[in-house]
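**Q** Sequence:
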Amino acid sequence: MPGRKGLLAPQNNFLDTIATRFDGTHSNFVLGNSQAQGHPIVYCSDGFCELTGYARAQVMSKNCICKFLFGPLTSAEEIKKLETSVETKSELKSELQLYRKNGTMFWCLLDMVPIKNEKGEVVLFLVSHKDITFSRKHNAKTSRYGFRKGSHKGDDGTGNKYQRRRSRAVLYQLSGTFSRQTSAKSKLQLNKIKTFSGTNDIPEYKVQEIKRSRFILLHYSFTRICWDWLILLCTFYIAIMVPYNAAFIATSEGNNQRITLYFDVFVEMLFIIDIIFNFQTTYVNKSGQVIYQPKLIAFNYLRGWFVLDLLAAIPFDLLYAFQVDTGTLIHLLKGARLLRLARLLQKLDRYSQHSFVVLTLLMAMFTVLAHWLACVWYFLGREELLQHPANWTVGWLYQLAEKLDEPIVNKTNLPPISVSYVSALYFTCTSLTSVGFGNVSPNTTAEKIFSVIAMLIGALMHALVFGNVTAIIQRMYARRAIYQSKTRDLKDFFRAHHIPAPLKQRMQEYFQTTWSLNSGIDRQEVMKDFPVEMQGDIAMHMHREVLSLPIFENASQGCLKAIALMIKPMFCAPGEYIIHKGDVMTCIYFVINGSMEILKESMVVAILGKGDLFGTDVGYTDPIVKSNCEVKSLTYCDLLCIPLDGLHSILAMYPEMAEKFETDLVHDLTYILREGY
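In the numbering used here, the protein residues as written are 11 to 687.
Some hints could be false.
[To be verified] Derived DEER-like restraints, expressed as beta-carbon distance ranges:
(1) I531 - G63: 39 to 47 Å
(2) Q290 - S428: 40 to 48 Å
(3) L348 - M537: 38 to 46 Å
(4) E393 - L271: 24 to 32 Å
(5) S659 - T114: 39 to 47 Å
(6) H472 - L500: 34 to 42 Å
Don't read these hints as lab results, they were simulated from the structure. The beta carbon of each residue, even a glycine, is placed where N, CA and C say it ideally should be.
Taking the hints into account, I'd like the entire structure generated from these sequences.
**A** Rendered as structure tokens:
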């Protein structure tokens, strides 16, 4: 597929930012809605579920100060502080005794921080929990053995300042106070920071503006495209001049080698500048996101084309400027610049979107090949002449000098370089395209062997290129032709129906993303050629992530295959509504990537992330089930949809698992959207 701009719509990366910043530290936190009555929990982390023993579905919608964790030993004074902090929407640090689901007590270091939106309104509470039972017991033990309180690093007399500081580190990381490298699991970087509550900076819950340094170049910008074409021309120049200088200039006498010196140095400088630009140019990652972060851009370039670009940019020609005598060695070293052609192959996908450009590039490649063979032909003729006695009159260069009436005497007075090059290029072109005309002919054994090789290469060029140009274009660019055809149809649709710009961008992004995910391959069209049993195995492999959920653990192999065959993928851009209030519920949704929010009367009642399951339960009798909330995507999201009609049919065919499935589904659904639930 041709180079894409990538996904450019602004996103609300709040949930990804929280997940990224908590990674590597304790991740036991919940998010509570500060504007809804009762301040319900709208999101809880996996770490919080592991710490308390409660399932996520059991925690959602409960009060964000986690009253369900309170017990006999929980301090009434601390509870009062928590309630006051929630009412006044202020920050709080507290240590109190809480109880897990199994009834065991643990000491908890609790931090609660309000989170603002772009209007400055507090919309969420971030409440983190840290199990400090071990440190409390350790401090009590050291006190009994006579150690002075506060003797440990960070102790403030209560024995807990060090632990408190460790817990607070997570919240301070949200503001970048403590820097750390992004781990492999991190997905997105913090896009925007806002000061709040004096010393603490926390991310805002809002659609983030796309921020980039003014030194970062967009890979699809006009400036970058013009620069790429300039580098392409320089690459062709290198492909021509490096063999030419090695064969003709380095072996000649006089000052010929200085003719192109300044331009060669200029090209070297361009290649060095190109390396700098590549460290500052955005790229599109595998998921279609445009990457603006300099560190990620640099890492992507370093593990990609950096080594080849660096070898091609080494300024060997500066040795000439300092009058360093290197002979032919410098030209052998400059052969490394031909590695730049490998870089060219990567860009052909962008430059060859039209048949005319393809044919032009094929002709250019043929011309470069003929040029290389011409350089080898001249070098071979000259070496043959120098290695034989002075009275040797067999080589093609001697015959050329005789025809020019400028005979070679004592291996000197060779034909002019321009005449020799044109004659060599004429011979290689005739050898590649036919059997030659004999006016420039091989005479020695080495020359005849070279001519045979050139004719074989020419035959291969005819068979692979000139004889099958149409077939090559159709075979190599069949998928591209389909993509371009659909793109043209989409543009015609925009013009015919006067689609507004925002909707046009959404349609283009959806088309490009779905194409990049499946390369234009129709899954159903491919799978229909296989037996039904094999189709089930393929579908189970493709949707293994959702089929590994606990609700399917008791399902038989046949049941899993039936469910897998009806699962459908879905993609949505930031700001799109997946479900509106009052919509008929037709599917259960599983979040593969991205984050979304559930709104009820314009208030956030839940935030969903990767691995969450939402929709409706199946234990109802009404023929039509409607949604009581709205579901809106915050970022680019990949979803898997399980149709309810098909699910009911499968459960009817497998009654032995239906009852347990209905019970498990209620517990595993992160949020149930059914009206009246």
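**Q** All the hints need checking, so say for each whether the structure fits it.
**A** Outcome of the hint check:
no.: 1; hint: I531 - G63: 39 to 47 Å; in the structure: holds, 45 Å
no.: 2; hint: Q290 - S428: 40 to 48 Å; in the structure: holds, 42 Å
no.: 3; hint: L348 - M537: 38 to 46 Å; in the structure: holds, 45 Å
no.: 4; hint: E393 - L271: 24 to 32 Å; in the structure: holds, 25 Å
no.: 5; hint: S659 - T114: 39 to 47 Å; in the structure: holds, 44 Å
no.: 6; hint: H472 - L500: 34 to 42 Å; in the structure: holds, 39 Å
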